[in-house]
Amino acid sequence: MVPRLALVSLTLLVSRVALAQPAQPAPTPSPSPSPSPSPSPSADSEDLSDIENALAEDAAAAEKSRPAPPPGGLGAAVQSMNPDISFIADFAAAWFSEDENLQTGEHDPHENGFNFQQLELALGKAVDPYFRLDGNIVFHPEGVEIEELYATTLSLPYNLQARVGQFLTRFGRQNPTHPHQWDFVDQPLMLGKVFGGEGNFALGGELSYLTPLPWYVELIGSVTDARGEGTNRSFFGDAADARVDSPLDFQDTVAAKQFFELSHDWSLLWGLSWATGPNPDGRTHLFGTDVYLKYRPITTGSYTIVALQAEAIYRRRGLADGHLDDVTGYAQLFWRFAQRWAAAARYEYGSPAENQDGVRVDPLDPDWTRNRHRAAADLTFWPSEFSRLRAQLSVDAPRWLPDPIVAGFLALEVSIGVHGAHKF
Amino acid sequence: MRYPILSAAFLLVLGGSAHAAVNVVATLPDLAAIAKEVGGNKVAVTSLSLPTQDPHFVDAKPSLVLKLNKADLLIAGGLELELGWLPVLQTSARNERILSSGRGFLDCSRFVHVLEVPTGPVDRSMGDIHPGGNPHYLYDPRAAAECAKGIADKLAEIDPGNAKAYQAGVRSFVDRLATARAGWEKRLASARGKPVITYHRSWNYLLDWLGLVEIANLEPKPGIPPSPRHVAEVLRLGQAKGAKVILQESFYPDKTGRLVAKKLGGTVVTLPGGADVASGEGYIEHMDHLVDALEQALR
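Taken in order, these protein sequences are the chains called W and X. Read in the working numbering, the first sequence has 364 at position 364, and its numbers run on one by one without any break. Read in the working numbering, the second sequence has 288 at position 288, and its numbers run on one by one without any break.
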């Protein structure tokens, strides 16, 4: 509805502009005296000729000095005052070998048959010279939620930038991203296990600093609410008695991102992350690292992309009488072998949580008493850059279950509207 | 020196601030080449993309963020050519000057007569079209001259102390370009009206300038790779109109082009998407190579 309205307004505006702007040069007054209308008795034909000549010269000068029309006409300029809006829809047909599957992502396909994963509404625009506003509102069968809505500063001094609002924390590589940026149909186990079905997000503030070093080093610190859906696997989460009584009741996240341009074709991004905050019984610490190595031969004009991405998180949850430790991670390899085709493979690992005595008792995952391994492979076809079809097969082997869970997905993702660019 | 890395970093930081030249970053190699011609030794110019790289799909690498962080002037092609990568770089750069609203941002499309501005409603069923018009105007030297004038004015605005040098630089460049253009037009005069096939709608400004006639694109719609049925149609058209030349940038796959050229008894002209500024190639030299290749193919 909104795009149609915008289109109608745009068409009306363009037609109005077309009427207002002389697309054809204005008719030049003829230098010769016109027989009609009759000149007034006070102006003889010589005066009239002079006036017409002067008018013609003025018109020509005005035409010459007229600035080039803005590209797309005024319609485009008016349109650009609206936020960039896009809708991205994800659908999947799924099959699981077992009645109970252990998918951890909120928007993963969850049941045999057709799955509506999500509809993401992304919007963003500069607010004024000082801020821009970005939002991601997610619609899914259970309802609507504001996953992200934050203001970013545009003009802080000293290479600083701040974000305020609700956002995915920049812990690791995949957490701050949305499903349409993922190479797989489902979320890594790691994010579901450590943060929850939609990753780690909450209300709060973030300050980041681009250091003046010769290579890219960005330091990020954020303070966010330790309560809510985006924190319920490691921090307060939805605990009924959780409240903020002191600064220690927030989640603090610190990250460092370094980028090394090994050559025009090879890039390496390395991140280190740490987060700490309260859980219902004590304090949680998360230590993470992520690596992204990308080969894209831009010096030879090829469509090939080979990218290795790996992340791991070590988590220590403080309890009333000790602590629980676990490790999860994944490594994936993505290979675009043709303009429209890519293949990818992923391996994931999740250890059981152990307490200080080596006992595996995790109140969040009481069954997770042994290692869990999952492997997946997928094939992507892009009809255009605005749609993609994927086929994914995975084998999930939680060692506490007698049989592995085999899952097959066929997924379609389509996007419309203007969607902002993504970070590397 | 006990801490060589730290000292080197410190010197680099200091060196950066003490450098007098205006730090110009251009999104496209041709814009960088033109800015270098205009600014001479008063500017330090970098291009965010390579001539071998499709300018629609540039990775927003953090190393490009660093370049923009230190830029005094960002020159863009505009018309949404860089929409998929430039905005995130601008926001991440923490440099108010080069934001689209900043004094150090210049969209060169405002200086050129834009072709193919849609006259009716558009949507992506028509392919990846640019609502503001065709953004590939730098293949037309007349547009390049207009951009050079715009760049000179902008440089004079942000560095008024060297305004005379920029005006002298642009005059010299525009004069040399005009002379070269007259030569190119003479060499290709006999090709006027000849039919050509292009891969993407990148060459329309060049065709407009030289009076060549584009009869078909290998892409069925902008951004959509060639399909067998479409290529068969292009081949039929090419045979009917007597087209002998397929024109494409080096970053597009050339297998289809070569096949069509073979069947038409013609040639594929594969060209980089701009001047190789890193190795010192200027805009005029780049266009010279382009005209050489065209002249040979259209002979």
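Keep in mind the hints are simulated off the structure, nothing from the lab. Take the hints with a grain of salt, since some may be wrong.
Said to hold, decoys possible - Taking beta-carbon pairs under 10 Å as the criterion, some of the chain W residues facing chain X (in silico):
| # | residue |
| --- | --- |
| 1 | 112 |
| 2 | 385 |
| 3 | 388 |
Said to hold, decoys possible - Pair by pair, the computed Cβ-Cβ distance ranges are:
| # | chain 1 | residue 1 | chain 2 | residue 2 | range |
| --- | --- | --- | --- | --- | --- |
| 4 | X | 164 | W | 295 | 45 to 53 Å |
| 5 | W | 91 | X | 233 | 26 to 34 Å |
| 6 | X | 228 | W | 181 | 27 to 35 Å |
All C-beta atoms, glycine included, are put in the ideal place defined by N, C-alpha and C.
Checklist line | Proposed interface contact between residue 388 of chain W and chain X, which counts if any beta carbon pair is under 10 Å | finding: violated, 14 Å
Next item on the list: Verify the interface restraint on residue 112 of chain W: the C-beta must sit less than 10 Å from at least one C-beta of chain X.
Entry: violated, 33 Å
Checklist line | C-beta pair residue 91 of chain W, residue 233 of chain X: status relative to the range 26 to 34 Å that was hinted | finding: holds, 33 Å
Margin query: For the restraint on residue 385 of chain W, tell me whether the closest CB of chain X is nearer than 10 Å.
Written below: At 7 Å from the nearest chain X Cβ, residue 385 of chain W passes the 10 Å test, so the hint holds.
Checklist line | Range hint compliance [Cβ, residue 228 of chain X to residue 181 of chain W, 27 to 35 Å] | finding: For residue 181 of chain W against residue 228 of chain X, whose Cβ atoms are near 32 Å apart, the range 27 to 35 Å holds.
Note to self: Does the beta carbon distance between residue 164 of chain X and residue 295 of chain W stay inside 45 to 53 Å, or does it fall outside?
What the structure shows: 47 Å Cβ-Cβ, so the 45 to 53 Å window holds.
Checked against the numbered hints listed earlier, the structure breaks hints 1, 3; every other hint is satisfied.
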